[in-house]
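**Q** Each chain, written out:
2 protein chains.
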Amino acid sequence: MALTPYQQLEQEFRRLHAFRSAASVLRWDSAVMMPRGSSDLRGEQLAALETEGHALLVSPRVSRLLERADANAQILEDWQVANLREMRRERDHSIATPRSLISRLAKATSRAEMKWLEAKQKSDFSIFAPHLEEVVNLLRDKAALVGKALNLDPYDALADEFSPGLRSEQIDAIFTALGRRLPGLIHEVIDHQAKRQPTHEITGRFAASKQRALATEVMKAMGFPFDRGRLDESEHPFTGGVPGDIRITTRFNPAEPLTGLMGVLHETGHAMYDVGLPEAWRGLPVGRDRGMAMQESQSLLLEMLICRNRPFLHYLKPLLEKSFGVSGPEWEVENLYRLLTRVRRSLIRVDADEVTYPVHILLRYELEIEILKGELKVKDVPEAWNSRMEDRLGVRPSSDAEGCLQDVHWAVGSFGYFPSYAIGAVIAGQLYESLRAARPDLDEEIAAGQFSGMFEWLRQNVHSLAASQSMPELIQQATDKSLSAAAWVRYVEGKYLEE
Amino acid sequence: MALTPYQQLEQEFRRLHAFRSAASVLRWDSAVMMPRGSSDLRGEQLAALETEGHALLVSPRVSRLLERADANAQILEDWQVANLREMRRERDHSIATPRSLISRLAKATSRAEMKWLEAKQKSDFSIFAPHLEEVVNLLRDKAALVGKALNLDPYDALADEFSPGLRSEQIDAIFTALGRRLPGLIHEVIDHQAKRQPTHEITGRFAASKQRALATEVMKAMGFPFDRGRLDESEHPFTGGVPGDIRITTRFNPAEPLTGLMGVLHETGHAMYDVGLPEAWRGLPVGRDRGMAMQESQSLLLEMLICRNRPFLHYLKPLLEKSFGVSGPEWEVENLYRLLTRVRRSLIRVDADEVTYPVHILLRYELEIEILKGELKVKDVPEAWNSRMEDRLGVRPSSDAEGCLQDVHWAVGSFGYFPSYAIGAVIAGQLYESLRAARPDLDEEIAAGQFSGMFEWLRQNVHSLAASQSMPELIQQATDKSLSAAAWVRYVEGKYLEE
Chain A
1 MALTPYQQLE QEFRRLHAFR SAASVLRWDS AVMMPRGSSD LRGEQLAALE TEGHALLVSP
61 RVSRLLERAD ANAQILEDWQ VANLREMRRE RDHSIATPRS LISRLAKATS RAEMKWLEAK
121 QKSDFSIFAP HLEEVVNLLR DKAALVGKAL NLDPYDALAD EFSPGLRSEQ IDAIFTALGR
181 RLPGLIHEVI DHQAKRQPTH EITGRFAASK QRALATEVMK AMGFPFDRGR LDESEHPFTG
241 GVPGDIRITT RFNPAEPLTG LMGVLHETGH AMYDVGLPEA WRGLPVGRDR GMAMQESQSL
301 LLEMLICRNR PFLHYLKPLL EKSFGVSGPE WEVENLYRLL TRVRRSLIRV DADEVTYPVH
361 ILLRYELEIE ILKGELKVKD VPEAWNSRME DRLGVRPSSD AEGCLQDVHW AVGSFGYFPS
421 YAIGAVIAGQ LYESLRAARP DLDEEIAAGQ FSGMFEWLRQ NVHSLAASQS MPELIQQATD
481 KSLSAAAWVR YVEGKYLEE
Chain B
1 MALTPYQQLE QEFRRLHAFR SAASVLRWDS AVMMPRGSSD LRGEQLAALE TEGHALLVSP
61 RVSRLLERAD ANAQILEDWQ VANLREMRRE RDHSIATPRS LISRLAKATS RAEMKWLEAK
121 QKSDFSIFAP HLEEVVNLLR DKAALVGKAL NLDPYDALAD EFSPGLRSEQ IDAIFTALGR
181 RLPGLIHEVI DHQAKRQPTH EITGRFAASK QRALATEVMK AMGFPFDRGR LDESEHPFTG
241 GVPGDIRITT RFNPAEPLTG LMGVLHETGH AMYDVGLPEA WRGLPVGRDR GMAMQESQSL
301 LLEMLICRNR PFLHYLKPLL EKSFGVSGPE WEVENLYRLL TRVRRSLIRV DADEVTYPVH
361 ILLRYELEIE ILKGELKVKD VPEAWNSRME DRLGVRPSSD AEGCLQDVHW AVGSFGYFPS
421 YAIGAVIAGQ LYESLRAARP DLDEEIAAGQ FSGMFEWLRQ NVHSLAASQS MPELIQQATD
481 KSLSAAAWVR YVEGKYLEE
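Residue numbers (UniProt numbering), protein chains in the order written: chain A, 1 to 499; chain B, 1 to 499.
No lab work stands behind these hints: they were computed from the structure.
Values in this document were obtained by computation on a predicted structure and should not be read as measured data.
Heads up, a few of these hints could be off.
[Claimed, not checked] A short, non-exhaustive set of chain B residues, derived as facing chain A with CB atoms under 7 Å:
| hint | residue |
| --- | --- |
| 1 | R20 |
| 2 | A31 |
| 3 | P35 |
| 4 | S39 |
| 5 | D245 |
| 6 | A437 |
| 7 | P440 |
| 8 | L442 |
Yeah, the Cβ is synthetic: ideal placement off N, Cα and C, and Gly gets one too.
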């Protein structure tokens with residue numbers, strides 16, 4: 001029997017998935033296993049797979065099939081219509097960006113990343129500036145082309161690649177609300193915490209092997225499927241591989257036993273999302289996660305809202321004592337809790353606590369919009385960064401390295417990515433509120449090391465829906481409210497201003 | 001400027017290489033890193049990449065380009081003509097085997113491999129027999145189709161996939177010579193060794209970590225590029241990855257410190273071949289190794305002829321003593337030499353010494369030809385195996401597990417592969433004779449841990465030529481003699497019958 005156009009599209013997109021899933025394992029390998037001298041070769045391998053995928057998406061055959069399947073969409077089930085919509089979105093993105101622009105961007109970002117690293121090491125923005133300029137120019141072209149094709153503002157055209165359907169309008173509404181509340185909130189929290197400081201710091205050395213064993217035990221308790229996934233170490237923690245073979249990485253610092261574990265828990269949040277994606281849709285666009293903001297909501301929900309909290313620390317305390325052979329006041333739940341929820345005005349985003357974190361994002365969002373529009377000249381970025389950082393958070397970087405050179409995102413062309421982090425936090429706050437309402441005994445479950453109820457709720461309300469709906473639709477459905485910062489603010493106030 | 005048909009072919013085959021090199025790293029990952037539960041998914045990933053490669057090779061575009069490039073071959077350089085010839089060979093193989101047959105074979109061999117494992121564990125050939133029957137039937141179809149397309153005898157059509165250009169005619173000539181000389185030779189050697197047995201066995205436990213460190217040190221001395229390659233552990237040792245990122249695996253048994261090292265040296269022989277392939281031809285058919293027999297010649301040359309020999313053991317002795325903190329009569333060069341060159345009539349091919357090894361291959365070659373022709377019925381294989389084993393080597397398996405069930409090759413459909421092992425040994429013998437003539441101080445160099453001269457000769461005479469010539473042409477050119485068993489027999493006589 002002849003395949004329908006829709007069925008033929010499924011075949012084509014499963015081919016696309018084969019290229020991408022191979023590339024994904026190769027990227028994990030690059031970060032964890034590959035000898036350093038092989039990076040050029042690996043770059044060629046990845047570029048070749050990427051080229052195949054791009055050629056597939058822009059082929060006349062796929063566009064023809066999309067037209068014919070659209071014309072017959074009435075025979076499709078809902079999830080298939082969603083699948084078709086996601087296929088079209090991917091095709092539109094690819095077809096809007098000419099191959100020549102992709103390749104110029106690849107070269108420019110690869111150069112810019114090297115120069116960024118050098119500039120950061122020497123804390124000298126001027127080394128990086130001309131290369132950032134070049135990247136920005138190319139991104140403006142890309143944003144204009146994709147924006148025209150998808151009928152989006154230039155910034156939204158770029159952001160759509162990371163968090164499909166996320167628009168500046170929503171971001172602005174949420175960030176305006178955060179921007180209004182945060183300065184006062186941070187002030188209150190720091191004030192409040194002044195009399196609630198941890199009484200004991202953790203000192204000593206904790207072997208990486210012991211940290212790994214502990215992290216593995218906790219991941220197992222959470223249901224991470226070690227028969228279909230791994231935990232390894234790499235310079236920068238990430239979650240890679242493919243659903244069905246998920247590869248988490250982290251870093252273990254012998255002096256900071258909690259940092260490595262929190263990193264693992266963050267990645268486990270990502271991983272459990274991937275684990276929960278429906279197997280039946282695997283390899284199809286509808287079966288993918290719902291973008292970076294949603295991904296980040298899952299990692300933050302687990303790390304920040306669940307694990308940096310007393311019930312989880314009740315569960316963790318005996319494990320810490322057993323794993324490291326320790327005891328004493330610094331390992332008491334209340335002390336651990338205070339250590340893990342300290343709020344401070346600090347310069348480095350990745351080390352920031354959850355209360356001040358959004359300020360770092362708001363700043364980057366503002367700046368990257370102005371840079372793209374040409375309202376802020378690249379050469380003026382350091383001064384703009386430093387003065388606004390001082391204005392918004394009350395701390396001023398004394399060097400570019402701890403200021404505008406701290407993140408790699410702009411160097412690699414990821415304009416439009418930063419909002420996903422803060423939107424992810426907001427989503428996490430909103431999901432957490434509904435999760436607590438749905439499971440009144442959540443705290444007791446967590447304290448007892450029972451995580452299945454929580455993950456079951458997330459699976460039903462988020463994971464299993466994959467990309468079948470837009471992110472705001474998913475949130476509306478899961479929480480009965482439209483996406484807003486309100487729940488996150490309530491959560492932070494409740495947690496950090498408790499009496 | 002428009003690309004010529006030949007240049008377009010280069011592009012197409014570099015795409016093919018991208019699929020294959022991704023698959024190669026994924027296969028390494030499967031054996032070394034992948035969680036066990038992900039094997040079905042990985043199978044799908046590999047099948048998808050394989051399907052892409054097959055589709056490319058059988059595309060009308062590639063056939064059209066081959067015709068047009070052939071018509072203009074006079075403008076090409078020699079290596080490009082060779083490249084074209086290899087492209088055609090690959091296309092011919094792929095186009096001769098219909099997709100449906102490939103997929104039936106894939107399913108049949110996957111089933112057969114499982115049943116083989118079960119049969120081997122229970123030592124019961126009857127569990128495996130019907131599945132082997134099915135594989136053989138499909139292979140007969142494949143052999144007929146490929147044979148017709150390439151104008152080859154059915155057996156040669158299968159063997160050509162493993163060692164391009166190797167024909168039964170050559171195999172028969174060499175195996176006849178070996179078959180005549182071996183029984184007497186084995187008898188003489190065992191007789192001769194009776195008064196030259198090792199005086200001390202090696203006992204004790206040798207930590208895998210120490211074995212790995214020693215193996216790494218020796219590999220470094222040989223010039224293995226650890227900035228573009230790795231050494232890991234897996235159940236079955238192999239050399240994988242891709243040139244530019246070569247992944248060796250081995251097994252370390254704490255009770256057998258020499259076995260693991262010899263395994264590493266065997267794989268290092270393969271790896272150095274891959275390392276020596278010309279970078280300029282990377283990704284093109286002309287740039288590949290010259291098939292399995294040639295590959296095996298490189299691993300056997302290093303393991304058997306170079307390393308299981310006194311000069312190498314002079315180099316190795318102090319390293320063993322330092323690595324394991326040992327000394328004593330069992331670690332003396334002459335004792336190590338005797339331990340590593342013991343000749344015994346034994347049942348298991350992979351454990352056989354280099355003198356009796358070809359007997360195992362001759363037996364399999366005979367049998368697989370008769371099975372394919374239908375002259376030997378599958379059900380009669382165990383009896384044929386056992387009686388001929390007794391006849392040729394004087395030992396009779398007491399069970400199928402140590403008889404016809406010991407190798408996986410037939411289960412996975414690799415009929416035509418076995419000869420490569422013995423032809424590889426013969427090539428190694430012939431290359432070794434020429435290498436010694438070209439480097440009269442070879443023994444002194446090896447004893448001093450200087451391996452660069454040897455590898456330089458191999459690079460010039462074998463590695464750098466890749467697939468630019470046929471294997472017999474390469475041997476003729478490197479040794480000034482046509483391929484024959486004579487040099488190998490001289491080598492074995494000189495080494496094992498020395499006074």
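**Q** Identify every previously stated hint that the structure contradicts and give their numbers, smallest first.
**A** 1, 2, 4, 6, 7, 8
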